[in-house]
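*Asks:* One-letter residues, chain by chain:
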Amino acid sequence: MTLELREMVFIATALLTTLPALLVVFSRNILYSAFALFFTFLGTSGLYFFLGAEFLAITQVVVYIGGVSVILLFAILLTRDIDEIKKTNTMSLGRAVPGGVAVLAISAVFIYAIGETKWAASGDETGVPALTVKPLGDLLLNKYLFAFEVVSVLLLAVLIGSLVIARRSVK
Amino acid sequence: MPTEYLPIVIFMLVATAFGLGSLMVGIIFRPHRPYAEKLIPYESGNIPVGETRSRFHIHFYIIAMLFLVFDVEAVFMYPWAVVFDKIGLYAYIEMILFILILTVGYIYAWKKDAFKWD
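Heads up: the protein sequence lines correspond to chains C and S, in order. The numbering of the first sequence is my numbering, which starts it at 438 and goes up by one. The numbering of the second sequence is my numbering, which starts it at 4 and goes up by one.
Since the hints were made in silico from the structure, they are not lab data. Some hints here could point you the wrong way.
[What the hints assert, rightly or not] In silico DSS-like links for lysine-lysine, alpha-carbon gap of 25 Å or less:
#: 1; chain 1: C; residue 1: Lys-580; chain 2: S; residue 2: Lys-89
#: 2; chain 1: C; residue 1: Lys-571; chain 2: C; residue 2: Lys-555
#: 3; chain 1: C; residue 1: Lys-571; chain 2: S; residue 2: Lys-89
#: 4; chain 1: C; residue 1: Lys-555; chain 2: C; residue 2: Lys-580
[What the hints assert, rightly or not] Far from chain C, by Cβ distances over 10 Å, these chain S residues were calculated:
#: 5; residue: Phe-21
#: 6; residue: Ile-30
#: 7; residue: His-35
#: 8; residue: Arg-36
#: 9; residue: Lys-41
#: 10; residue: Val-78
Please read all numbers here as calculations on a predicted model, not as lab measurements. C-beta: ideal position from N, C-alpha, C; glycine also.
Assemble the whole structure, with the sequences as input and the hints as a guide.
*Replies:* Structural data, given as structure tokens:
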């Protein structure tokens, strides 16, 4: 029973990820694409939960749904050359073919990676910890302290970079 | 998947059902009498003028970028806060350093009038 429920939830989550992703690609209105992407992000977050990476899942919600989506919407609203919002996400054979090739290539890499990965279920003796936040905090503050501090330098670069670019485009 | 996340799923389902359910109840019970004046976009009772879609000020984008940077910073505080009591002062200094580096960016943004509307 538990297993069946699990499978049902997984299928629902997978559909929540993939169906809006199709809408992102095929919607003519780029605003609809952006909103559909919200749901794809939410589904991805659910998949992270399934993998037992709950910190990553919460980060997905906080950063992608709360931040990146808003940035995307602002980018659309800031764009100058939109006359008719209903025809903004244009698709043609000339774009579909290279897109398709790229999809196949990336899929091949993913399938190879999935096949090579040693998957461990949480609760196994192989041991993915049931809760990842605590070990993660431990690693960040001890073993990977340098990386942790470099992250803040990276964020600083992002902040200054975005300001410089935005300022230049105003003038 | 650990079953302890099931409450989150149930919570999301109930929230979605509540939203959709309210709209459905509205559709069932509200009177349906549309006429031309009712269907024009609402603009405080005036007749709408000009294009609906207007270009936003670039400033919104800068604010959004700033938000995103500090959003990511906040995310890094979760694992830090969880182990804080175990590591103690050392963790405190590490986080202060993390925040200080970002404060440089904050001051830069302030000096460049990123928070000012002109």
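*Asks:* Hint compliance check: list the failing hint numbers for this structure, sorted ascending.
*Replies:* Of the numbered hints given earlier, the structure breaks just one, which is hint 10.
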